[in-house]
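Colleague: So you can see what is in the structure, the chains are spelled out below.
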Amino acid sequence: MAVKEKIDEIISSAAAGAAACKSVDEINSLKVRYLGKSGELTALLRGMKDYPAEERPAVGKLVNEARDEINALIEQKSAQLKAAHEEEKLQEEQIDVTLKGKATPRGSLHPCTLVKEEILSIFTSLGFSVAHGPEVETDFYNFRQLNIPKDHPARDMQDTFYLGNDILLRTHTSPVQAHVMEENKPPIRVVCPGKVYRPDDDATHSPMFQQIEGLVIDENITLCDLKGILECFAKELFDKNTKVRFRPSYFPFTEPSVEVDLSCSVCHGKGCRICKGTGWIEVLGAGVVNPRVLEMNNIDPEKYSGFAFGMGIERIAMIKYGIPDMRILFENDVRFLRAFK
Amino acid sequence: MKVTINWLKDFVDIDIPARELADKLVGVGFEVEEIIDPRESIKNVVLGKILSIEKHPDADKLVVCQIDVGTEILQIVTGANNIAEGDLVPVAKDGSRLPDGKTIKKGKLRGVESCGMLCSGEELGLTEADYEGAGVYGILIMNREKAALGTDINDVLGNDDVVLDIGVTANRPDCNSVYGIAGEIAAVLKKPLRAPKLDYTADSASKTEDIVSVEVAAPEICRRYMAAAVTDIKIAPSPEYIRKRLKAVGLRPINNMVDITNYVLIEMGQPMHAFDERDICGGKIVARRANNGEKIVTLDGKEYSLTDNMLVIADAEKANAVAGVMGGMNSGIREDTSLVVFESACFARDSVRRTSRSLGLRSDSSARFEKGVDFSCQPLGLKRALALVQEFGCGKIARGVIDVCVPIPEKKPIVTTCEKIDGILGIKIADEEKLSILKSLRISAEVKDGKLICIPPEERDDLESANDIAEEIIRYHGYDKINGTLMDKGRQTVGGKTRVQRNEDKIKEIAVSCGMHETLTYSFISPSFADILRLSADDLLRHTVEIVNPLGEDMSVMRTQLAYSMLGTLASNILKSQKAARAFEVASVYLPKDGKTPIEVQPEEQTHIVLGAYGKDEDFYTMKGIVELILKAFGVDVKYVRSSVPYLHPGRSADIMKGNKSMGYLGEVHPAVARAMNVSERMYIAELNIDLINKYEKTAYKFEPISKFPPVERDIAVVVAEEVSGADILDAVKSAGGAIMREADIFDVYRSESLGKGKKSVAVNMVFRADDKTLTDEEIAEKTDKILAKLKDKLGAELR
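Chains as they are written, first to last, in my numbering: chain A, 1 to 341; chain B, 1 to 800.
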């Protein structure tokens with residue numbers, strides 16, 4: 001049957017043509033050539049009238065099948081070519097992925113803020129709230145309510161900037177304790193961060209620095225609880241192996257009073273420049289709240305007890321980040337600040 | 001407090017090295033700040049004799065010496081020229097160590113071997129006061145020494161004692177003495193405490209009361225006054241050991257009488273004064289308040305004017321001493337003094353402190369009184385001084401002692417329980433151990449009917465409550481026995497930050513996300529800020545809180561704004577060649593409530609944030625963008641109106657207004673201000689009152705359903721006069737737009753010659769939407785016409 005052969009010939013020539021196509025345009029013109037209105041298969045259909053009527057359905061079927069086959073061939077090739085074309089385009093659009101992004105570069109929090117927030121988050125997770133008080137204080141709150149009467153030798157421990165007769169720049173965050181006790185009933189668990197002032201200015205002292213004070217008052221609070229809480233704090237702030245050591249000391253508002261040393265987080269007790277070879281770093285002052293202070297603040301010392309602690313934020317920042325001179329913290333050189341993103 | 005080991009050994013046996021003793025003292029609360037052991041600082045330095053001195057073959061200024069150091073002859077090269085053959089000199093041998101930390105090694109000097117060094121007095125840490133000739137420039141010549149050649153120089157110098165510098169806390173005034181420290185050491189080492197030598201025989205023919213009488217006219221500040229006379233005095237140097245001990249603790253030996261007062265001060269903690277009887281007019285000692293304006297010239301030769309708050313020790317006519325602070329010029333011991341009256345008194349701590357502070361006059365005596373001297377000290381000190389007189393054999397002791405004293409309050413027993421002590425500490429300590437610790441501290445203690453009853457010794461004024469007793473016990477039981485617990489018996493509490501505290505964190509986080517670095521500057525600034533910021537004479541920001549005792553002029557007033565500090569920060573970074581920077585700071589400003597200097601009431605403290613920036617990409621709008629970001633984060637709607645802040649560019653600055661209240665400002669820094677800070681860059685600054693942000697914060701979020709109906713957008717461009725502001729145009733657009741106007745924004749401002757001078761074209765994008773229907777073109781057109789009419793009517797705007 002000549003028709004069948006002719007059709008097969010068309011199919012194989014279309015297949016060869018498709019295989020040779022190199023672009024979407026070529027495949028489109030191939031499609032027109034074989035399947036278009038003046039295409040070869042269309043011409044066969046047009047010549048249908050030349051066939052005997054009884055053969056026409058079979059021829060028609062053959063032609064349609066061939067059309068489907070060629071169409072599939074072309075579609076397949078077309079898809080292939082489109083994919084290749086897209087791939088090529090994507091390659092052309094290649095960029096340098098190592099160049100920097102377009103967002104505003106992030107600024108930074110001051111290292112003291114980083115330390116302060118880290119400390120606050122440790123204590124707030126332990127059920128402490130955060131309290132603030134005025135920086136310009138009265139002699140009453142800064143000293144007398146903390147068991148430091150006028151002309152008491154303990155005043156020599158803290159030189160003071162005076163603004164008026166009984167008005168001063170607070171020398172510690174401890175007066176916030178007094179405000180908290182005045183305004184709250186036990187149980188009290190509070191940390192009080194803030195700026196404090198003393199007339200000192202050298203590599204390890206700044207006339208303005210920051211402290212965090214802690215106060216707990218409840219029934220049955222002991223010196224062991226103070227140690228436990230500070231151990232918890234030290235392990236979080238430095239590392240899991242940090243140890244806490246108490247040394248006897250004196251503060252007018254605590255009794256017993258202790259200096260609190262932490263094992264050096266740099267050398268782990270072996271001795272280094274930071275801990276001056278001792279393996280320990282003096283970080284906090286603390287103690288059991290003096291019953292006199294409770295009494296002065298209208299809390300019954302027979303029923304309640306508590307502990308208090310205080311630490312310098314700059315000092316901890318210096319230890320944590322290896323900053324050798326406190327004055328660097330106040331120079332505000334952006335090259336220094338950028339490191340704390 | 002400096003003490004020496006040998007001195008301590010007068011009272012307690014010490015059989016451990018100084019270092020170990022220091023550690024033990026730290027363990028019970030006495031910081032040992034320094035251990036000064038001359039034998040540690042001078043090692044392998046011996047006495048040598050110069051046998052010969054020859055010229056160095058290759059150096060004009062050097063000589064080569066042969067030195068006999070007993071066991072061998074050493075060749076040493078030196079540059080000194082004060083030596084002669086036969087001189088005795090200190091020789092630092094190979095491997096020796098000097099007080100400045102230097103070690104001496106064998107070596108060659110210009111090719112000639114030198115086996116050590118000859119030392120100067122200074123190199124051995126000696127001054128002229130320590131050793132005659134030590135102050136001379138050159139080698140220390142020790143020709144009067146009799147010791148054998150090769151003797152360790154420490155033995156030659158008599159360095160056989162170690163000094164401990166001990167920090168004594170303010171609650172332990174009783175330990176500001178050798179005897180007091182010895183008491184603690186006795187408890188630490190569990191050894192007995194030996195009493196000081198107080199015995200003497202009154203061997204003078206005279207009686208104290210015949211020589212002098214004592215009247216205390218101000219017993220409230222002169223609590224006790226004891227006096228005793230010594231006759232037939234021979235002024236001479238003190239015995240060698242006394243002078244050595246005084247020097248070791250930093251006091252200059254003077255003569256036997258003065259040295260006794262100083263020795264007793266250090267040993268017993270009792271300040272003493274020795275009056276020459278000839279200076280006590282009328283044989284009468286009166287302890288009285290000074291008359292206002294009364295003048296006295298003290299031992300240091302300076303004249304002071306006194307007030308009636310101060311105590312003086314006077315005679316029938318004049319003041320002879322500022323009590324407890326310093327003696328008068330006319331009351332000192334002289335070479336020919338033959339009759340002395342010793343004063344051993346208890347002056348009130350706060351009175352001495354106030355007097356010393358207000359006169360600006362300090363002495364070892366005032367320092368000691370300020371710490372607090374207890375009533376047990378005066379008889380102890382006086383007896384010790386008289387015993388020393390007898391020991392030195394330098395005078396005869398008059399019979400009888402005068403003692404004028406207020407009634408001494410009896411020590412009240414501290415009544416508590418052993419359980420209470422354990423409860424404070426959180427650990428159980430055996431009751432026997434408690435009692436034994438208290439006993440070792442000379443606190444009488446017993447358990448009776450379940451109570452723990454403690455009576456502190458006379459010198460311990462610091463012990464008042466169960467907590468004090470608990471501290472004494474744990475100090476000696478050991479703080480290492482305290483085990484950490486986590487408030488097992490306490491109640492749980494809700495912690496965390498308040499809204500206001502979290503707001504501050506949020507503001508800081510926004511600033512950081514905008515590329516700003518947080519700074520930290522002092523709250524006190526220079527008063528010159530006001531002129532640098534061009535503040536007018538009546539500007540409220542000029543009214544500062546002043547520091548009465550500032551560290552310096554440039555840190556003498558509390559800041560009323562943060563701008564000055566921020567400008568300082570920006571300027572310092574510009575001067576360090578940083579091309580661009582963004583910075584912020586959150587801090588307080590201090591606004592006086594009264595017009596007084598010094599202030600009489602606490603000022604208002606406001607929390608502000610200041611933002612600062614400079615660099616080629618910065619302008620007014622980059623700064624405004626950050627300000628808007630912060631305010632919008634708190635839902636605070638504000639208006640920006642042209643500002644007259646004097647330190648800002650008048651054309652490029654805005655006040656940030658909430659209604660008619662200013663929340664702050666922003667703008668470009670005035671070039672004159674920048675110049676005053678030595679920079680020429682344009683700087684941008686903003687300052688916001690965070691307290692007001694907290695006040696106006698919209699704290700509640702409200703759900704609004706999303707409209708099903710589509711929005712319609714329209715753009716219009718109108719031509720207006722230059723002075724019409726964007727805010728004016730948007731206000732008019734929004735008010736005419738009514739409820740269906742959802743958003744209106746300016747997206748372009750255009751100026752050209754064709755528009756004409758003083759004109760600008762402003763393009764506005766408008767978004768319309770209704771909640772209940774799709775808007776028709778007709779409705780939008782009608783609204784747009786209305787808006788254009790309003791713009792024309794109110795602002796003279798023409799559709800472009």
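Note that these hints are calculated values from the structure, not bench results.
Any given hint could be a false lead.
Which residues of chain B face chain A? A partial, calculated answer using Cβ under 8 Å [as the list claims (entries may be wrong)]:
1. Gly-29
2. Ala-134
3. Gly-135
4. Asn-171
5. Arg-353
6. Arg-475
7. His-477
8. Val-494
9. His-543
10. Ile-547
11. Asn-549
12. Leu-551
13. Ala-581
14. Leu-591
Subject to a maximum C-alpha distance of 25 Å in a straight line, what follows is the list of computed BS3-like cross-link-like pairs (lysine-lysine) [unchecked claim]:
15. A:Lys-303 to B:Lys-596
16. A:Lys-270 to B:Lys-481
17. A:Lys-270 to B:Lys-412
18. A:Lys-235 to B:Lys-412
19. A:Lys-341 to B:Lys-481
In this text, all values refer to a predicted model and were calculated from it rather than measured experimentally.
Each residue gets a CB set at the ideal place from its N, CA and C atoms; glycine is no exception.
Colleague: Each of the hints needs a verdict: does it hold here or not?
Modeller: How the hints compare with the structure:
no.	hint	result
1	Gly-29	holds (3 Å)
2	Ala-134	violated (32 Å)
3	Gly-135	violated (31 Å)
4	Asn-171	holds (5 Å)
5	Arg-353	holds (5 Å)
6	Arg-475	holds (5 Å)
7	His-477	violated (11 Å)
8	Val-494	holds (7 Å)
9	His-543	violated (13 Å)
10	Ile-547	holds (5 Å)
11	Asn-549	holds (6 Å)
12	Leu-551	holds (6 Å)
13	Ala-581	holds (5 Å)
14	Leu-591	violated (11 Å)
15	A:Lys-303 to B:Lys-596	violated (44 Å)
16	A:Lys-270 to B:Lys-481	holds (23 Å)
17	A:Lys-270 to B:Lys-412	violated (48 Å)
18	A:Lys-235 to B:Lys-412	violated (44 Å)
19	A:Lys-341 to B:Lys-481	violated (42 Å)
In summary, the structure is inconsistent with hints 2, 3, 7, 9, 14, 15, 17, 18, 19 from the numbered list given earlier, while agreeing with the others.
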